[in-house]
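Keeping the supplied structure of chain A fixed, place chain B upon it in accordance with the hints.
In order, the protein sequences belong to chains A and B. Quick note: this note's numbering has the first sequence finishing at residue 111, numbered continuously throughout. Quick note: this note's numbering has the second sequence finishing at residue 117, numbered continuously throughout.
Any given hint could be a false lead.
[What the hints assert, rightly or not] Here are the simulated lysine to aspartate or glutamate pairs, EDC-like style, with alpha carbons at most 20 Å apart:
no., chain 1, residue 1, chain 2, residue 2
1, B, 69, B, 20
2, B, 49, B, 20
3, B, 58, A, 98
4, A, 57, A, 70
5, B, 58, B, 88
6, B, 49, A, 98
Honestly, the hints are just simulated from the structure, not real lab data.
Take a look at the letters that make up each chain.
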Amino acid sequence: EAQVTQNPRYLITVTGKKLTVTCSQNMNHEYMSWYRQDPGLGLRQIYYSMNVEVTDKGDVPEGYKVSRKEKRNFPLILESPSPNQTSLYFCASSNLGDVAFFGQGTRLTVV
Amino acid sequence: AQSVTQLDSQVPVFEEAPVELRCNYSSSVSVYLFWYVQYPNQGLQLLLKYLSGSTLVKGINGFEAEFNKSQTSFHLRKPSVHISDTAEYFCAVSHPLFSGGYNKLIFGAGTRLAVHP
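Bound conformation, chain A alone (with noise of 0.2 Å):
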């Protein structure tokens, strides 16, 4: 079954507690890209990826770090996490030009 595969589906943390939250996908996709999910203001990129070894900021990267080392796996990872990024996390990978698949996304907590 083609499938995006986020982990863990839910996480409480302490601030500067570092974390990783991994993505997988099985359908041999190129493109990978982390959301974040906050109310009122819809899904907004934090990173994208086009390639193994590629990857680049999107709209909302502060604070977070990513890596492609693998074409299947694009995790992301939040060095020492603040209260504002508390949030729902989505990692999504598609073709070019094709429909983007998601994960069943990552609801983080950090107190």
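For chain B alone, kept in the frame of chain A given last:
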């Protein structure tokens, strides 16, 4: 810059009634248009898309949308809703020339559809 405006943050409707969720966009280039649905505690699922061609697009679950270039709108409609249509609906645009990569999506704020018995 590109932007998407969903004109209603919440739409309450009774079961079996028709519904329209409104979406307007702003862009200096012709865009691709999408509607996604998000059921509670789930990811986003594509309802329908407009890339080119016929301006009336049919999607899954009985939804359809009409692209109106002169009004820069892409409203979503369903002639008769069910309780199971209760969800949040997102309108989005994309274009290969957008910064953020060729498949970047720009989303509206979302419309919460609540279907009541």
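20 Å Cα cutoff - pair residue 69/B, residue 20/B
holds (18 Å)
Holds or violated: are the alpha carbons of residue 57/A and residue 70/A at most 20 Å from each other?
holds (18 Å)
Is residue 49/B close enough to residue 20/B, meaning Cα to Cα at most 20 Å?
holds (16 Å)
Agreement of residue 49/B and residue 98/A with the hint, judged by alpha carbon distance not exceeding 20 Å
Roughly 10 Å separates the two Cα atoms, so the pair holds.
For residue 58/B and residue 88/B, compute the direct alpha-carbon distance and say whether it is at most 20 Å.
holds (19 Å)
Is the straight-line distance between the alpha-carbon of residue 58/B and that of residue 98/A 20 Å or less?
holds (17 Å)
Checked against the numbered hints given earlier, this structure breaks none of them.
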